[in-house]
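Visitor: Listed below, chain by chain, are the residues.
2 protein chains.
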Amino acid sequence: MKIVVDMLGGDLGLDATVKGLSSFLSAHPDVEIIAVGPQNELSILGSKVTVINATQTMKMDAHAMEILHDKESSMAIAVNTLVKENADAIVSAGGTGAYLTLASLRVKKLDGVLRPALISPIPTLKENHKTLLLDLGANNENSVDELISFINMSKIYYQSVYFQEPIFALLSNGSEENKGSPLIQETYQKIKELKIPNFKGNIEGSDILKGDVDIIVTDGFTGNIALKAMEGTGAVAKELLKAAFTKSFKNKLAYLLVKKDLKNKLSMLSSKPLGGAMFIGMKKIVVKAHGNSDAVAFKNALETAYQCVKNNLIDKISQGVSHE
Amino acid sequence: MKIVVDMLGGDLGLDATVKGLSSFLSAHPDVEIIAVGPQNELSILGSKVTVINATQTMKMDAHAMEILHDKESSMAIAVNTLVKENADAIVSAGGTGAYLTLASLRVKKLDGVLRPALISPIPTLKENHKTLLLDLGANNENSVDELISFINMSKIYYQSVYFQEPIFALLSNGSEENKGSPLIQETYQKIKELKIPNFKGNIEGSDILKGDVDIIVTDGFTGNIALKAMEGTGAVAKELLKAAFTKSFKNKLAYLLVKKDLKNKLSMLSSKPLGGAMFIGMKKIVVKAHGNSDAVAFKNALETAYQCVKNNLIDKISQGVSHE
Numbered sequence: 001m002k003i004v005v006d007m008l009g010g011d012l013g014l015d016a017t018v019k020g021l022s023s024f025l026s027a028h029p030d031v032e033i034i035a036v037g038p039q040n041e042l043s044i045l046g047s048k049v050t051v052i053n054a055t056q057t058m059k060m061d062a063h064a065m066e067i068l069h070d071k072e073s074s075m076a077i078a079v080n081t082l083v084k085e086n087a088d089a090i091v092s093a094g095g096t097g098a099y100l101t102l103a104s105l106r107v108k109k110l111d112g113v114l115r116p117a118l119i120s121p122i123p124t125l126k127e128n129h130k131t132l133l134l135d136l137g138a139n140n141e142n143s144v145d146e147l148i149s150f151i152n153m154s155k156i157y158y159q160s161v162y163f164q165e166p167i168f169a170l171l172s173n174g175s176e177e178n179k180g181s182p183l184i185q186e187t188y189q190k191i192k193e194l195k196i197p198n199f200k201g202n203i204e205g206s207d208i209l210k211g212d213v214d215i216i217v218t219d220g221f222t223g224n225i226a227l228k229a230m231e232g233t234g235a236v237a238k239e240l241l242k243a244a245f246t247k248s249f250k251n252k253l254a255y256l257l258v259k260k261d262l263k264n265k266l267s268m269l270s271s272k273p274l275g276g277a278m279f280i281g282m283k284k285i286v287v288k289a290h291g292n293s294d295a296v297a298f299k300n301a302l303e304t305a306y307q308c309v310k311n312n313l314i315d316k317i318s319q320g321v322s323h324e
Numbered sequence: 001m002k003i004v005v006d007m008l009g010g011d012l013g014l015d016a017t018v019k020g021l022s023s024f025l026s027a028h029p030d031v032e033i034i035a036v037g038p039q040n041e042l043s044i045l046g047s048k049v050t051v052i053n054a055t056q057t058m059k060m061d062a063h064a065m066e067i068l069h070d071k072e073s074s075m076a077i078a079v080n081t082l083v084k085e086n087a088d089a090i091v092s093a094g095g096t097g098a099y100l101t102l103a104s105l106r107v108k109k110l111d112g113v114l115r116p117a118l119i120s121p122i123p124t125l126k127e128n129h130k131t132l133l134l135d136l137g138a139n140n141e142n143s144v145d146e147l148i149s150f151i152n153m154s155k156i157y158y159q160s161v162y163f164q165e166p167i168f169a170l171l172s173n174g175s176e177e178n179k180g181s182p183l184i185q186e187t188y189q190k191i192k193e194l195k196i197p198n199f200k201g202n203i204e205g206s207d208i209l210k211g212d213v214d215i216i217v218t219d220g221f222t223g224n225i226a227l228k229a230m231e232g233t234g235a236v237a238k239e240l241l242k243a244a245f246t247k248s249f250k251n252k253l254a255y256l257l258v259k260k261d262l263k264n265k266l267s268m269l270s271s272k273p274l275g276g277a278m279f280i281g282m283k284k285i286v287v288k289a290h291g292n293s294d295a296v297a298f299k300n301a302l303e304t305a306y307q308c309v310k311n312n313l314i315d316k317i318s319q320g321v322s323h324e
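Taken in order, these protein sequences are the chains called C and W. Residues 1 to 324 (this note's numbering) make up the first sequence, in order. Residues 1 to 324 (this note's numbering) make up the second sequence, in order.
Heads up, a few of these hints could be off.
It does not matter which identical chain is used: a pair holds within one copy or between any two.
The list that follows gives simulated cross-link-like pairs (lysine-lysine, DSS-like), each with its CA atoms no further than 25 Å apart [claimed, not checked]:
hint, residue 1, residue 2
1, 247, 259
2, 247, 210
3, 238, 130
4, 109, 259
5, 310, 210
6, 310, 108
7, 316, 71
8, 84, 59
9, 48, 260
10, 242, 200
11, 200, 19
12, 59, 200
13, 19, 126
14, 252, 200
15, 84, 192
16, 252, 108
17, 130, 263
18, 252, 126
Calculated directly from the structure, the hints in this document are not laboratory data.
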């Protein structure tokens, strides 16, 4: 197994990616790694890791043409290396837009896939249970057939990684069958018509984190807004807590007493343990670590890539879509 | 000023609505109230309040036909009373779907309004600043012209209630001009074409609570999912906090120390101080209090209705849309 790693993409820089990669390699010494980043600083990774030199980061606000002509950034070099070396997977914490653009153009989608989608596990109130949410923003709009294809791909993903038959739902503005945008209403009817098993119906935005289903499917516009609305609220909750706990000496004392359990419980509102999002439907495993990934988050993103390769996800999706 | 109040709609029953209404009346003894609820239990409101008897609550899962034929529920009687008595406003904490259906059919929309929308103030990280978010789910889909009309109506609402010129934005899956669903992209261009002032561009789901803008406009499907995703995350945050603070004696002690400031800060994640949502674009002020409104929340919903009537919101919107 060969994984290409963009060492420069994340907000926290080399420190997070080097530590994350080292930790991943301790667990999986058999994996061949091509690390793309500043050669002089990556020698600490040891002789088993192949280093390709790159000293620039992809601009966060790069336009499509800049992204396409970029040959210097670690992300562009990493994506090109993935293709040239015929590696199995790529992991980057760089900007989603540029990453999706590069992956779409260089890696290409699997034959039979209508549109790739960005998929990520979301933590839920049920312990040790994660729900897959897609599309998180690879597309600005989607058709009924594309949503059906998202259902099929995500079911294969769930089976491959969690080894269980998933229950899925559509995200809607009401749980009843007749609720939803025209797209969701039509998709609901198409699912019934196709008799796709384990369909739980519609669920609302307030139910995403409850863990009642294993997969939640929506279009890329809606999914992006739902995910970011949740992330934003989680961040606000943390900010409010901080304000409360730092307000007085008494409150600071209270924080010391409850700190450990609080951090432990509230880690659910953090995206770090989740192993990043995946661009599903491509010819290679393309994993997007969160921009602010620390070492643990980056290691988990590498782990996601590893699991998907090990479980032959690409082959399974390729076979799955060819039956459609 | 005459306000019709559905006393039975909320989850917390008469106790919350009676206390909320009494508290509202202490502040505004001049307002004429028609309270719809069980006559024998509402006599405590005093002789100044007109009571219309109703002992049934609108079924939460009522179908459209059941809603239309319902003549017994407090909500149906309240909506009919609003029209028959030519009152200025109605407040109910009953189910949104039934309420919207009844209001649409009996109260009707203002001439020139394309579609009514559900609008609510959202708390933000900026102290004492609220952002209006619409449409929260009155519609399953919207056109460009409808979104433009939402902008116009919400600007009038903001000016009438907060006495300031609002800055508005579109909710999108990226802040750049070229991001968004086709609807959002087209609306963006239409806003530029019409040169609507104080347009801040697109904002993302993670920015809703930041308070950088005064109005956020989106279609009813997306707005409903964004609002509920935020509500759901807020509820999860509270559940996780509770789990942390009740885990041990030490943690319970910490809670006692920080309790007051914590409740105070986290009240932002509660919808109760906000005064409910409004069905904007109708011929009357139609206010929807949150289903789980306590006395304070219900009083605030009554206050919203009062402010809108006092500031002649209906006339202003009516004049505003006739210029479109």
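Visitor: Against this structure, judge whether each hint is valid.
Guide: Evaluation of the provided hints:
no.: 1; hint: 247 <-> 259; verdict: both (15 Å within a copy, 12 Å between copies)
no.: 2; hint: 247 <-> 210; verdict: between (32 Å within a copy, 21 Å between copies)
no.: 3; hint: 238 <-> 130; verdict: both (21 Å within a copy, 19 Å between copies)
no.: 4; hint: 109 <-> 259; verdict: neither (45 Å within a copy, 53 Å between copies)
no.: 5; hint: 310 <-> 210; verdict: neither (30 Å within a copy, 42 Å between copies)
no.: 6; hint: 310 <-> 108; verdict: within (21 Å within a copy, 60 Å between copies)
no.: 7; hint: 316 <-> 71; verdict: neither (32 Å within a copy, 57 Å between copies)
no.: 8; hint: 84 <-> 59; verdict: within (23 Å within a copy, 63 Å between copies)
no.: 9; hint: 48 <-> 260; verdict: neither (37 Å within a copy, 56 Å between copies)
no.: 10; hint: 242 <-> 200; verdict: neither (38 Å within a copy, 29 Å between copies)
no.: 11; hint: 200 <-> 19; verdict: neither (41 Å within a copy, 40 Å between copies)
no.: 12; hint: 59 <-> 200; verdict: between (42 Å within a copy, 23 Å between copies)
no.: 13; hint: 19 <-> 126; verdict: neither (30 Å within a copy, 37 Å between copies)
no.: 14; hint: 252 <-> 200; verdict: neither (45 Å within a copy, 39 Å between copies)
no.: 15; hint: 84 <-> 192; verdict: neither (43 Å within a copy, 44 Å between copies)
no.: 16; hint: 252 <-> 108; verdict: neither (52 Å within a copy, 54 Å between copies)
no.: 17; hint: 130 <-> 263; verdict: within (19 Å within a copy, 29 Å between copies)
no.: 18; hint: 252 <-> 126; verdict: between (30 Å within a copy, 23 Å between copies)
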